[in-house]
Amino acid sequence: MFDVEIALLTENGFTRDKIGNKIPTYAKNALFARELPITRNEYYTAGQNNVELSRAIIVHPFEYDGQKLIEIDNTTYSVTRTYKRNNEEIELYLTQRVGRQ
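Residue numbers (my numbering): 1 to 101.
Everything labelled a hint here was simulated from the structure, so no lab data went into it. C-beta: ideal position from N, C-alpha, C; glycine also. Take the hints with a grain of salt, since some may be wrong.
In the BS3-like style, the derived pairs of lysine-lysine whose C-alpha atoms are separated by at most 27 Å in a straight line are [said to hold, decoys possible]: (1) Lys84 / Lys22; (2) Lys68 / Lys22; (3) Lys84 / Lys68; (4) Lys28 / Lys18; (5) Lys28 / Lys68.
For each label pair, taking beta carbons as the anchor points, the in silico distance ranges come out as [stated by the list, open to error]: (6) Arg40 / Gly20: 13 to 21 Å; (7) Gln48 / Thr82: 14 to 22 Å; (8) Pro61 / Ile38: 19 to 27 Å.
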């Protein structure tokens, strides 16, 4: 069941802070996803490659357009890996971003 509300973040420009540094701004595309458990094998394999998987979700391929950032519950995640299960579903494996919350 697709019951997890997520937002796909797409970079759509820059703003500047007080000292003139460029800060990216993002457009949010809200949709629903289904959360998957991360298996022991996936977690172990990711750890061997110095990656810590945080979450795995499923979305419809026609809704996902290669975005690298996803927001769930006001937490921003990076898309680490994708896997197309079939023509109706694509799995997204996410790691939590440290710099931007």
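#### Entry: Index of numbered hints that the structure contradicts, given in increasing order
1, 6
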